[in-house]
Amino acid sequence: MFRDRDIISIRDFTRDELTKIFNEAYEMEKNLDKRLDILRDKVLALLFFEPSTRTMFSFQTAMYRLGGETLIFSDVGKSSMAKGETLGDTIRIIDGYSDCIVIRHWMEGTAKYAADIAESPVINAGDGTREHPTQTMIDLYTIWRVKGDVDNLNIGLLGDLKYGRAVTSLIYGLMKFDVNKLYLISPKELRIRDEVRDSLNKAGLEYIETDDIKGVLNKLDVLYVTRIQKERFPDPTEYERVRGSYQVDKSLLEYAREGLIILHPLPRVDEISYDVDETRHAYYFKQARYGVPVRMALLKLVMVG
Amino acid sequence: MSEKLLVRKIRDGTVIDHIPAGSALDVLKVLGVTGKEGFRISIVMNTDSMKLGKKDIIKIEGRELNLEEVNIIALIAPTATINIIRGYRVVKKEKVEIPDYIEDIVKCANPNCVTNLEKGLKTRFKVVSRRPLLLKCLYCDRYTTLEDIYRQFIRREPAK
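Chains A and B, in that order, are what the protein sequence lines are.
In this note's numbering, each number is its position in the first sequence, counted from 1, plus 8.
In this note's numbering, each number is its position in the second sequence, counted from 1, plus 711.
Calculated directly from the structure, the hints in this document are not laboratory data.
No experiment lies behind these values; they were computed from the predicted model shown.
Where hints are given, some of them may not hold.
To be verified - Beta-carbon label-pair distances, calculated as ranges:
1) T856/B with K196/A: 31 to 41 Å
2) E858/B with G252/A: 12 to 22 Å
3) I125/A with S840/B: 46 to 56 Å
4) S259/A with Q863/B: 46 to 56 Å
5) T856/B with D219/A: 21 to 31 Å
6) R23/A with E779/B: 38 to 48 Å
7) R841/B with D49/A: 21 to 31 Å
8) D83/A with E829/B: 13 to 23 Å
Claimed, not checked - Derived pair list, reagent style EDC-like, types lysine to aspartate or glutamate, alpha-carbon separation capped at 20 Å:
9) K830/B with D97/A
10) K837/B with E203/A
11) K720/B with E805/B
12) K28/A with E58/A
13) K210/A with D159/A
14) K804/B with E779/B
15) K847/B with D20/A
16) K830/B with D285/A
17) K837/B with D859/B
18) K847/B with E266/A
19) K258/A with E214/A
20) K847/B with E279/A
21) K837/B with D20/A
22) K833/B with D97/A
Claimed, not checked - Covered stretches of chain B (in silico footprint by chain A; criterion: 3 or more residues with CB under 8 Å from a CB of chain A, positions within the stretch not fixed):
23) 808-818
24) 823-837
Every residue, glycine too, gets a C-beta built ideally from N, C-alpha and C.
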């Protein structure tokens with residue numbers, strides 16, 4: 009079911025498969041202070057053509073905890089690509105050195121392309137604005153762990169829904185569950201892309217699009233906040249128009265349900281003010297910590313089944 | 712004036728018939744036919760058609776279109792029929808059809824797509840809709856529309 013499988017899009021997974029990852033991750037939580045030998049002879053290549061903190065380090069930590077080794081490539085300037093080597097050739101070479109490749113790139117479709125070339129399984133750690141499926145596994149796992157289930161919840165997604173890859177993947181992931189209603193909250197310029205809207209309509213998931221966070225906050229069980237990512241905007245004036253257009257702070261949370269949880273793929277800039285960290289609603293640091301057990305589960309499933 | 716007076720039969724080559732009226736020049740452009748190649752080319756535009764009301768016809772002497780070229784025509788002139796002529800006889804007659812998947816002939820409209828940036832990588836699209844034409848890139852998921860294809864080949868909007 010999982011062995012040697014490429015992880016390109018969250019859409020490739022069934023609900024049962026995601027639940028299997030959650031159960032495996034839950035088991036892995038018991039091993040976060042150990043070094044197991046499940047992947048003792050395995051090498052994981054981490055190819056990061058874009059900056060990363062959480063994703064890269066959590067993959068590295070996950071591999072360490074499972075007993076394997078990692079090769080890290082995170083500075084294009086020091087690689088053969090700086091000499092003009094194509095991405096395809098780089099993948100072919102790294103494929104020969106490793107048992108699994110994790111790739112992040114600013115170009116959309118890179119992971120799919122790498123998977124077409126490599127014999128080893130390829131895991132998409134973010135391809136441009138397109139998708140970030142392992143982040144979605146962590147997001148869904150956090151909801152599953154904290155709320156006990158993903159079904160029957162009202163889930164709000166706030167921020168850059170157009171260029172944000174984590175939130176795009178999350179929308180696709182939520183389509184696998186019986187979510188009660190999805191609230192897509194963003195400035196008009198940053199609403200979901202056409203192909204995502206078409207998928208939502210096809211899935212029959214009930215959703216609304218709004219720019220009024222205050223008006224819908226008291227309906228929400230989960231609020232997923234994203235950063236407006238300057239680096240994703242093709243037009244800088246478009247970025248200037250929308251920057252700072254929303255902020256979740258402690259005063260806004262007076263409108264929130266008792267059990268609201270706030271998630272964020274991080275890093276944040278100013279979209280969640282620091283006074284929210286101390287509230288019962290803040291779960292984003294816990295969410296970041298779940299990155300290790302979820303990625304341990306995934307690496308185990310992909311490399312040894 | 713009858714069509715025969717305008718365009719005589721060709722001995723060898725290709726006749727593209729039933730082109731939507733006003734699109735013949737676009738078809739030549741996407742085929743990369745400029746007139747400087749030396750082939751004898753006849754174009755009839757806005758002539759009467761039982762099927763379409765009005766239509767365009769292109770006759771190219773000395774050149775047979777290949778499958779890839781037929782596929783391009785399918786995207787911008789979906790009603791067209793392609794007749795391959797040898798020795799004044801039609802040896803093959805094909806109605807163009809937009810296939811379910813399209814490879815290589817169209818560029819992805821997303822400038823950030825890996826297919827636009829990686830040397831030697833061919834584009835691959837799933838045809839999501841034929842009318843209006845909507846292609847989904849199998850690498851980046853973005854849509855490419857008929858307008859995008861026109862911009863790519865012709866740099867102007869499609870004929871309405």
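Decide if the proposed pair is consistent with the structure: K837/B and E203/A, CA atoms, cutoff 20 Å inclusive. 13 Å, holds
Within 8 Å of chain A (C-beta), three or more residues of the segment 808-818 of chain B: With 0 residues closer than 8 Å to chain A, the segment 808-818 of chain B misses the three-residue bar; violated.
Assuming the hint says 38 to 48 Å, is it satisfied by the Cβ distance from R23/A to E779/B or not? With a Cβ separation near 41 Å, R23/A and E779/B satisfy 38 to 48 Å, so the hint holds.
Is K720/B close enough to E805/B, meaning Cα to Cα at most 20 Å? The hint holds at about 18 Å.
Given the hinted pair K28/A and E58/A, is their Cα-Cα distance within 20 Å? 30 Å, violated
Verdict for I125/A, S840/B (Cβ pair) under range 46 to 56 Å: The hinted range 46 to 56 Å is violated for I125/A and S840/B, with Cβ atoms some 30 Å apart.
What's the verdict on K847/B and E266/A, does the C-alpha distance respect the 20 Å limit or exceed it? With Cα atoms ~42 Å apart, K847/B and E266/A exceed 20 Å; violated.
Are the Cα positions of K847/B and D20/A separated by 20 Å at most? 17 Å, holds
Given hint E279/A paired with K847/B - CA-CA distance at most 20 Å: Distance ~33 Å between K847/B and E279/A Cα, so the pair is violated.
Return holds or violated for the Cβ distance of T856/B and K196/A against the range 31 to 41 Å. 21 Å, violated
Check whether the Cα positions of K830/B and D285/A lie no farther apart than 20 Å. 46 Å, violated
When you take the CB atoms of S259/A and Q863/B, is the distance between them in 46 to 56 Å? This hint holds: roughly 50 Å between Cβ atoms.
This entry does not satisfy hints 1, 2, 3, 7, 12, 16, 18, 19, 20, 23, going by the numbered hints stated previously.
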